[in-house]
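A.B. asks: Line by line, the protein sequences give chains A and B.
Quick note, the working numbering runs 7 ahead of the 1-based positions in the first sequence.
Quick note, the working numbering runs 7 ahead of the 1-based positions in the second sequence.
These are computed hints drawn from the structure, not numbers from a lab.
Don't take each hint at face value.
Pairs count within a copy or across copies, as identical chains cannot be separated in the list.
As the list claims (entries may be wrong) - Listed below are the simulated SDA-like cross-link pairs for lysine to any residue, each with C-alpha atoms no more than 20 Å apart in a straight line:
| id | residue 1 | residue 2 |
| --- | --- | --- |
| 1 | K209 | D283 |
| 2 | K141 | R107 |
| 3 | K150 | L117 |
| 4 | K189 | H86 |
| 5 | K171 | P210 |
| 6 | K203 | Q181 |
| 7 | K231 | A127 |
| 8 | K228 | K244 |
| 9 | K104 | G114 |
| 10 | K148 | A115 |
| 11 | K58 | H199 |
| 12 | K247 | L87 |
| 13 | K150 | R107 |
| 14 | K104 | A115 |
| 15 | K56 | R25 |
| 16 | K58 | Q13 |
| 17 | K228 | R116 |
| 18 | K161 | G132 |
| 19 | K228 | A95 |
| 20 | K150 | R116 |
| 21 | K244 | F145 |
| 22 | K163 | D190 |
| 23 | K148 | I227 |
| 24 | K244 | Y282 |
| 25 | K91 | K231 |
Since the model is a prediction, treat every value here as computed from it, not as a measurement.
2 protein chains.
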Amino acid sequence: MSFYVQFLGTGSALPTARQHPTSQYIFCQNRHFLMDCGEATQIQLRIRKVKIQKLDAIFISHLHGDHYFGLVGLLSSMHLLGRKKPIAIYGPELLQKIVRLQLEIAGARLAYDLIFQHIADDFEGVVYEDNVIKVSTFKLKHKIPTHGFVFREKEKERSLLVEKFKTSGLSIQQIPDLKRGKDVVDEKGERHSFKKYTRKPKPRFSYAFCSDTAYSKNTIKWIKGVDVLYHEATFTKKDKERSVQTKHSTATEAATVAKEAEVGRLYFGHLSARYDNANQHLLEARAIFPESFEAVEGDVVKL
Amino acid sequence: MSFYVQFLGTGSALPTARQHPTSQYIFCQNRHFLMDCGEATQIQLRIRKVKIQKLDAIFISHLHGDHYFGLVGLLSSMHLLGRKKPIAIYGPELLQKIVRLQLEIAGARLAYDLIFQHIADDFEGVVYEDNVIKVSTFKLKHKIPTHGFVFREKEKERSLLVEKFKTSGLSIQQIPDLKRGKDVVDEKGERHSFKKYTRKPKPRFSYAFCSDTAYSKNTIKWIKGVDVLYHEATFTKKDKERSVQTKHSTATEAATVAKEAEVGRLYFGHLSARYDNANQHLLEARAIFPESFEAVEGDVVKL
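So here's chain A without its partners, still in its complex pose (with noise of 0.2 Å):
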């Protein structure tokens, strides 16, 4: 699998026994992220078996303490178990000051580098890109500033037929030109169509995190035609007032909004403790998008 999701955290403000606050393991092309990091994050990443050492990158949607409370834990650990490699987190700028503040009490010094990059209140767009995936942020509607996020793979290039390559007279230098879908021209001035020795591209996927957020026009745009959407469903239609007073949103809502963005699948998270199982939810979703899943703990979802 080259590009996954991990549920580590579904549940809401109130963990349960058996569910967690929201965090997620994304792994995209050896690309190790974690998307917010609610109270024993770290617990989960290790009875989930992902090496937390590995991770590259941590982003934090918002600071309701669900969605971070297991930042400074996590951190700590990387240092104690002997971690020198930087690591980078996205999230609103008052988060370094309450992690930092929280080292300095404890007289820690991490052996590795923090590199927090503030997304500010109203920033809409590319937060982190390399050469395989573009990472960008738009605005939710909560009570406070909260961000979802969006990871796109870039167009991959196109595989390389060996068997035909080597019976072609090219040079293994031409093969990035191949493999970018230019025609190359061999030591006779002989033109070889990049389409003889190529496969077109693998698929390229793309997945949407958006938690935790009324109902927003928004997020439409930014998260259009993503594979997998993770939307947060905190409400049934019965709690709909709830909802509305605490900007959350029912799977309904949830649903609208896959439909209206025309993504593959949703899977739907942040239950209210109140709900003894998401029966209710998948019923409202599923009437609206046929294509809709409860995000349970320890699933795998392969895009």
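Please build the complex by placing chain B on the supplied structure of chain A, with the hints as guidance.
C.D. replies: Quick look at chain B alone, frame taken from chain A:
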């Protein structure tokens, strides 16, 4: 059981899939105390079915994260669960700053009062006292200011022998005196010995908590004769050097404290994640103090 301790987290700084950071629930004659509050304590409390809304006071030994990172999450959950009753928090002054900063940033206004009782770095003495119990604190020897705590039940009243009292001709207003061990005089002027109408009081018990600390002579006088001592034993003899560097104890040192303080039983915990089990700790401790046991998560120790 009128006095017991339940271990919620017995691990050290680095939590593992099987061991959580430090936390203990202490129940004494309907008082509900929490001792330290490492990450995920609220989840452990739920798993162990401790009623978190009943907690009267929380004691924090020091500001290393594995002893308090679960506090603000627990306080938030108490609010979400509808708590109105104030809670007292005993710990270093900076604890208040951290907790209030995190609540403020989250825009959270608790519907109950947090009553912070600062324990100055050099303070030793009584921090809590009511009709039935007295809690004292004393300095431990660690890398940052750290306190131990000792819970001592007060002298209990004698129990009334109801049937004998009924035939005595004494008035019920005289019961308190009898229970306190005072003889009384009836209407005819006849003297009655309290021994005739009461039996001797139930024994009173005591519990001491010492984590994290190097061996400290000072501890002995504060915990003298307690029925049960919890003392950290992060290391075994072969890692003695590491214990000196980190100002932690070996199992031998924990047992030495237990022996010198003439306690009833020793429970040791806070074992470094480097050990797969407590076998070696147990051997080393019992060689010095036979009544040594491993503190196991979930276990209840009756006093």
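A.B. asks: Each of the hints needs a verdict: does it hold here or not?
C.D. replies: Verification of the hints:
no.	hint	verdict
1	K209 to D283	neither (41 Å within a copy, 44 Å between copies)
2	K141 to R107	neither (28 Å within a copy, 36 Å between copies)
3	K150 to L117	between (33 Å within a copy, 16 Å between copies)
4	K189 to H86	neither (47 Å within a copy, 62 Å between copies)
5	K171 to P210	neither (22 Å within a copy, 90 Å between copies)
6	K203 to Q181	within (14 Å within a copy, 107 Å between copies)
7	K231 to A127	neither (23 Å within a copy, 56 Å between copies)
8	K228 to K244	neither (25 Å within a copy, 62 Å between copies)
9	K104 to G114	both (15 Å within a copy, 16 Å between copies)
10	K148 to A115	between (36 Å within a copy, 17 Å between copies)
11	K58 to H199	neither (45 Å within a copy, 75 Å between copies)
12	K247 to L87	between (45 Å within a copy, 18 Å between copies)
13	K150 to R107	between (25 Å within a copy, 18 Å between copies)
14	K104 to A115	both (15 Å within a copy, 18 Å between copies)
15	K56 to R25	both (18 Å within a copy, 13 Å between copies)
16	K58 to Q13	within (13 Å within a copy, 32 Å between copies)
17	K228 to R116	neither (42 Å within a copy, 34 Å between copies)
18	K161 to G132	within (16 Å within a copy, 64 Å between copies)
19	K228 to A95	neither (27 Å within a copy, 48 Å between copies)
20	K150 to R116	between (34 Å within a copy, 13 Å between copies)
21	K244 to F145	neither (26 Å within a copy, 54 Å between copies)
22	K163 to D190	within (17 Å within a copy, 94 Å between copies)
23	K148 to I227	within (13 Å within a copy, 57 Å between copies)
24	K244 to Y282	within (12 Å within a copy, 50 Å between copies)
25	K91 to K231	neither (38 Å within a copy, 45 Å between copies)
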